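With these hints in hand, go ahead and build the complete structure from the sequences.
Protein chains in written order, with this note's numbering: chain A, 5 to 251; chain C, 15 to 384; chain G, 939 to 1344; chain X, 35 to 578; chain E, 17 to 247.
It should be emphasised that the hints constitute simulated quantities derived from the structure, not laboratory data. Treat the hints with care, since some could be wrong.
[As the list claims (entries may be wrong)] A short list of chain X residues far from chain G (calculated; beta carbon distances all over 10 Å):
1. Gly111
2. Pro351
3. Ile355
4. Val499
[Said to hold, decoys possible] Derived DSBU-like pairs (lysine-lysine); straight-line CA-CA distance at most 30 Å:
5. G:Lys1132 to X:Lys446
6. A:Lys196 to E:Lys218
7. G:Lys1010 to G:Lys982
8. A:Lys77 to A:Lys59
9. E:Lys92 to X:Lys446
10. A:Lys34 to A:Lys94
11. X:Lys166 to G:Lys1079
Remember, it's a predicted structure, so these values are computed and weren't measured experimentally. A virtual CB, placed ideally from N, CA and C, is assigned to each residue, including glycine.
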Amino acid sequence: MAAGSLLYLDNVSVSFDGFRAINKLSMIIKPGEMRAIIGPNGAGKTTMMDIITGKTRPDEGDVIYQGKVDLTKHDEAAIANMGIGRKFQKPTVFESHSVYDNLLLALKQDRRVFPMLFRLPSKDEQTRIDELLALTRLGDLRETVAGSLSHGQKQWLEIGMLLAQDPQLLLIDEPAAGMTDAETEETAKLLKDIAQTHSVVVVEHDMDFIRSLGVRVTVLHEGSVLAEGSLDQVSANQRVVEVYLGR
Amino acid sequence: MTGRATVITLGLILGAAVLVPVLNALPDGSPFKVPTYTVSLFGKYLCYALLALAVDLVWGYCGILSLGHGAFFALGGYAMGMYLMRQIGDRGVYGHPVLPDFMVFLNWKELPWYWYGFDNFAFAMLMVALVPGILAFAFGWFAFRSRVTGVYLSIITQAMTYALLLAFFRNDMGFGGNNGLTDFRDLLGFDLRSDGVRRGLFIASALALALGYIACRFVTTSRLGKVLIAVRDAESRSRFMGYRVEHYKVFVFTLSAVLAGIAGALYVPQVGIINPGEFAPINSIEIVIWVALGGRGYLFGAIFGALAVNIAKSYFTVAFPEIWLFFLGALFVLTTLFLPKGCAGLLSILKFPGLGTGMGFARKKEAGND
Amino acid sequence: QDDTIKIGVLHSLSGTMAISETTLKDTVLMLVDEQNKKGGLLGKKLEAVVVDPASDWPLFAEKARELLEVNKVAAVFGCWTSVSRKSVLPVFEELNGMLFYPVQYEGEESSKNVFYTGAAPNQQAIPAVDYLMSEEGGSVKRFVLAGTDYVYPRTTNKILEQYLLDKGIPAEDIMINYTPFGHSDWQTIVSDIKAFGSAGKKTAVVSTINGDANVPFYKELGNQGIASSDIPVVAFSVGEEELSGIDTGPLVGHLAAWNYFMSAESPVNDEFIEKWQAFIGSEDRVTNDPMEATYIGFNMWVKAVEAAGTTDVDMVRDEMNGITYPNLTGGIAVMNTNHHLTKPVLIGEIQDDGQFQIVWSTPKGVIGDAWTDFLPESKNLVADWTAPISCGNFNITTGKCSGQNY
Amino acid sequence: MLRIPVSLRARPVILAFLALSFLLDLLSATPSRADDFETSVAKLNDQSFTVKEEAVLELVQSGDDRALAILSALQDGELFSHKKQNNVIVFSQEIDGAPHAIDVLTAADLGEHGKRDLKKITINNKLRGALKAALGALRLYSKDPDTRIAAAKAVLANPSPEALPLVVEAIEKEQDDAVREALDMAQAALLLTNGDAEERLAAVGMLSGSMDPDVWQVLGRAAGQEADADLAAAAQAALASIENQKSVYNLLETLFFGVSLGAVLLLAAVGLAITFGVMGVINMAHGEMLMLGAYTTFVVQQLMPNAIEYSLFVAVPAAFIVTGLVGIAIERSIIRLLYGRPLETLLATFGISLFLQQAVRSIFSPLNQPVTTPDWMSGFYAVNGALSLTYNRLYIIVFCILVFLALLAVLKRTPLGLQMRAVTQNRAMASSMGIRTGRVDALTFGLGSGIAGIGGVALSQLTNVGPNLGQAYIVDSFMVVVFGGVGNLWGTLVGALTLGVANKFMEPWTGAVVAKILVLVFIILFIQRRPRGLFALKGRAVES
Amino acid sequence: MLSVDSIDLYYGAAQALRGVSLSAEPGHVTCVLGRNGVGKTSLLRAITGHQPIAKGTIAMDGASIDGMKPYDRARKGIAYVPQGREIFPLLSVRENLETGYACLSSKDRNVPDEVFELFPVLNDMLRRRGGDLSGGQQQQLAIGRAMVTRPKVLVLDEPTEGIQPSIIKDIGRAITFLRDKGDMAIILVEQYFDFAKELADKFIVLDRGEVVASGGQKELAETDVRRHLTV
Ligand SMILES: Nc1ncnc2c1ncn2[C@@H]1O[C@H](COP(=O)(O)OP(=O)(O)OP(=O)(O)O)[C@@H](O)[C@H]1O
Ligand SMILES: Nc1ncnc2c1ncn2[C@@H]1O[C@H](COP(=O)(O)OP(=O)(O)OP(=O)(O)O)[C@@H](O)[C@H]1O
Ligand SMILES: NC(N)=O
Ligand SMILES: [Mg+2]
Ligand SMILES: [Mg+2]
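What follows is the structure, given as structure tokens:
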């Protein structure tokens, strides 16, 4: 079952002082797949990402990566180095670093202590960062301290950082939040070309956005899968309408 | 971007390293003569400055508020002290060939194993770096791996130095109890009391400080330095980015401890005594105070703070022996109120914009101006 | 400028030791005052240079050097703890200064440049236990040696332990107990003492507990109802000044051994007390042993300077040997050639007015012994700063004098 | 047989006199003559304590009614010789406001006397012992049972042959069982030292199993005796069985010690749990707040020297107000400007602490100040000889609990408490919810400081009241708060108790110094296990 | 009625608002639109008193509130639902709501029922710590918390951010409901154009800190408004 899958959640559960946030959740992400996850507030989407990225340890269940590694046995750094990158729901950047340095630190590189101590900036790193700055439209803020960015600017910066990491699997929690509709479309486009070469799991509440992605959708509810399929399929599902879309 | 600060700082240190000894060498009565008293006094300050530098490295750049750095300083000092003790040889008051006086009159029979080798200068100097280094490494390894952060870390570092304080107070420990190690004679065969050696020690301290500064500078401006600041601001975020936070912390913590140890080693022959008082929690707090006053997150700020506070202290204790604490207390309060980011902060705003770690520019949740 | 003679005052005015040392600073100032009223010294005014080493031991060394090198003082009166003395010692020996050290200490030292006007162990500890073992002292058979864990108590207790064993007290009747500096929770130890004392033999506590730890210790004694008639405590570091910080009601009858008590009946003492209280401007301020030690030291120095006709350290030092001056208890203090004083030893019982009532005293003065006879290594050592020996630690067996610091 | 006239029942002293004369009939001592008595009294003024002791015994035996009064006066140090009037022995007595000297022999008023006219007749410990015994014997007939018990115990403590017949007699006519028991014990003790072989053995049987330290003394002496082997054996056996019982109580005692130490730590730390734990101010001046509280106690006692018994009830609110106001002043003038810069508060408050230390040094002198312990707080409640609980500790434990509960109520039950927590968690947002952040900050810091002040009142009962008081407690306070888990009052409570008890249980094994070291090591290791303290807050809420 | 009159706002040297004006009347929803970083939040921070203004004036019912502390403004009836929610993480949901009592006289210190009617999830989680809630739950709590203060002016910064569609509808209803009660002026910052269009009685569009367009409901429909919002 796990074979051939990139990420395999095998009935994972976690509860916080009594409250079951994730309940026997199972899910498979195939290599190169982009998957949209929707679901009511509090369904457990972010918690799921916490579990995958090693922030939260599940009470039971395994999270198998690339059919072999059990992520629940590793810590955040290790998991990140396996090629799993994440954008947080609440944008978090290094506030006292410039936009530029934020991206520089995010770049894929040997993250061990001594290599970092002696590494010098290289030409292609430069160019890569410039690309990213252009892409996220932060070009003229490159020397600004990230702490003084607006909410949406932080969103963009964090997306940029995620791309800089160039992970195999991207976990993106509510990228469109706090973006104008136009920017939201941009983001959708962006994610689609990323998906050419990467696997992506994206959480959103913006249905237009989800639609424009046009990918398989999983609906979480009370910590487990409520429905799965194309957006039209799940939107047709009565329960989904009831608990999530509303009338 | 801060090349200027570096050049100026190094210039001043090295200038002093040359000038002070030369002026001290002048014949008595010459108007420019710097008395030996001043030489060893400033030699002492330079050691404090190096110590402050070490603290700023972990606190200012990696957000580790260590309230136990006095311990590393003291351990380096004790390593040096033990060497100097052994140098006394049979010139102790009881004329015992091997045992230091305090062991003799507590009628110890032979040298404890951990005193072996300290008659050898090279070995002793190795220990000056190794002992604090290893302690810091072990301590840091466990603490950072179990993700002890913030005040919790501060407090256990304080507990560490406090425990060492009590331990070293005990005569049975074999380090001279609270009288510590004193009555030193000579270093590498040179008489510690000669002005020559004093100048030598001063120069050594200045060079150590300069090298320490360069080292810290290299670390903080390297890409690793950026990671440290990232860790300071958003530890867990840097984890999710794949940085092994604990390794980075252990690295700087150990490096900083070694610097502190070296400072201690240079300090001891200049003040002529090392005793458990150096482990007192309050001392470690004072070091932090120097850094805070000088400007946390600015290397030259740390140096400035150490010098400023200690010069002020030396002056006040003579000028106003009865009430000098008022002045020192006021100095601290006023600094926090009028120089939010320490003296260096002021300089950086005036002269070197964008200098240091950009701390406090960040938009803070607390910053609501109510 | 040259019409004044400077003397240094090196006592902590802040930090943990300020409690004890500030008084000595004031004492020196008073003595200087008086001397100047008497027309100064060698026709010059005395000028006291006060600095604050702030209970910070390396700072003591720094300040000592400053006093000697920068202020060129003729003599220094200072230090309380042994560690502060150890810290300044090399400085005084290097710069050939002159230090008067006014506090009882563990001995095992005699420096050319220091005059020890406080008690050596044989001038305090030994007589005290002698008294306890005497019929009059209650013929004590069991001893608790309780002390703060540092050199002075450790050494003193080592000496006492040896002494008691020599006196035929079995080891199991000696309980030794150490506590950290400023120890404040004495419940366990006091109840241990209580238990130790309830084993049939008359028991006493010999306390080398230092400074701040005493108040909570005595309060606990009082609260656990250990009366002096059951288990007397004889202390070496508790004087009138320490008592002034305690409600002595419950402590009546506990003992202290010193070379001076404020209650000593002598005209000089009454005069001294009046001068002191006038100087400090308070009827309630007490006098104590280190003050007398300072008083003796100061006046001996004055006398020696007058005799030498100069403040030159070497010449004054020679005059100091064998110099005498009336102490405050009606006897004569002698500065012996080992730089320690000859003083009477007094035992006092605490009274409810915070004073000591002298219940015993040595018939005549005891000569301070720099090197105790009760430790194997130091019993062969003698200090004598006059020719031919002129050495602080002359070994009578080898006939050698090991390393001096100058 | 001895008839006590009803008219005299109300006057124990006289009864005691009767007892005294009665004792002497029994002893059939040589009929005493007045001049002997006077010479004996005169001997009290002798230099040598041996002579004085003779005098005391003579007085006891003189059978003279005046003896008891004189001896008690001697014991209480209220007996003087009159320098001005060729050293006659006198009491000093207030007669219409002026001190008058009263001749102890003639009871004649020798008129007013100045402070220096009288010289106290001194005693030493040995003499105290003797006096206790003598007076003990003389008081065996007191009307008040407690006094009689005390008397019996006194006899027991220093058994002297003369007392034996008296005790025997007393036992016969004693009605009160408690007193009878005490007397039996006393008799046993006397027999053990003065009786013949089997009387002694019997005595041992009688005494074994007692929980009275004085009895252990007596048995101990018997056990140490070479002369009578099997007696020694018996005594040792008795002591052994007592030892077993003791060990149990010792455990309880240690626990009590631990809890009381914990209570002290808590009182010292709880203020910091507010200023640091809740507000996040790294409050280096906390120790000085304790100090101010202690000094307030001292001042209060100076102001009401004749009502020391009640002084603490004034001191507690006074200390709360004084330190509270100081706290508010500090907050408004300095801390206020440092929110969102917690680390700067370290520097500022450190400066403040230096400032306050020097302030008290300059105002009150660097010396410690004497703070008196009210009688109701001194002494102890003896469960038995092995376990006695000192009152001051008991009260401090109770007091500590009250303070803690009060604080808990304020924080958890009042709107102010809620606002305090809101402000410290998100100042800007709290302000937008209409909370007067400035006012709340000031009140919170004031509360923390005030509580610290109250802690200081408690400390003043245990330790030095001096400029260093604060320094002595600041480190421990931070340890407790952090160990317990910052921002969690219960954590502070449990933390304090844990550290206290741990310390006290280790101390007997390792000695005080090593015990303290071990506690510190324990803290270090423990924090490895629980990096956010004992009562760690978990979950997202903390990270955000 | 709240009126903002041509205000400037700076962060250090950087100017974030240039002569911005707007007015909000009871019973009306005033919408503030604009791309990222154009100054919307800054405007609200100025209104709520978290950021000082350099020029211009802000008045409530005619009286200027410049220089007033945020808490005084809150007591005057300005309630703030900030971007990023700013929940009190360690306070329980109930306590978070009760912080609003500070503005109220003790007699009407209660949580209005409509809060729980609009956001039932809050009722289920009264005991949970605010910081533990999911993003969307926090958003609902933030709005509920503001309603507790019975505001005259309700200031919302992107309230739909991170909210599930059904609840967005609820919030929409909530806002309509509050508007229709007629005693409350509502200022709404939105990026979600359709949502804004639904509710807005009038609007302004910001760009680089300046008002580049404003008008009533119908103008909003026009495409040139969208132009300002596209990249
Ligand atoms: N540490 C915690 N303690 C208690 N409850 C928690 C904790 N973390 C999450 N929860 C609860 O678990 C549930 C899932 O939270 P999660 O953040 O995963 O929801 P979500 O799907 O991301 O919602 P949203 O779309 O609003 O972000 C929520 O009800 C939340 O209150
Ligand atoms: N504390 C600050 N210090 C310096 N500059 C700031 C600060 N806060 C915001 N800015 C800058 O001011 C401009 C306006 O920021 P603001 O938060 O008002 O934008 P916004 O319209 O709310 O954007 P978004 O829709 O992304 O929330 C941005 O360019 C931002 O970088
Ligand atoms: N010398 C002493 N008392 O430390
Ligand atoms: Mg979420
Ligand atoms: Mg915004």
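Results of checking the hints against the structure:
1. Gly111: violated (7 Å)
2. Pro351: holds (23 Å)
3. Ile355: Since the minimum Cβ distance to chain G is about 25 Å, isoleucine 355 (chain X) lies beyond 10 Å and the statement holds.
4. Val499: violated (7 Å)
5. G:Lys1132 to X:Lys446: At roughly 45 Å apart (the allowed maximum being 30 Å), lysine 446 (chain X) and lysine 1132 (chain G) break the hint.
6. A:Lys196 to E:Lys218: Violated, at about 36 Å.
7. G:Lys1010 to G:Lys982: holds (15 Å)
8. A:Lys77 to A:Lys59: holds (11 Å)
9. E:Lys92 to X:Lys446: holds (28 Å)
10. A:Lys34 to A:Lys94: OK: lysine 34 (chain A) and lysine 94 (chain A) at ~27 Å, within 30 Å.
11. X:Lys166 to G:Lys1079: holds (21 Å)
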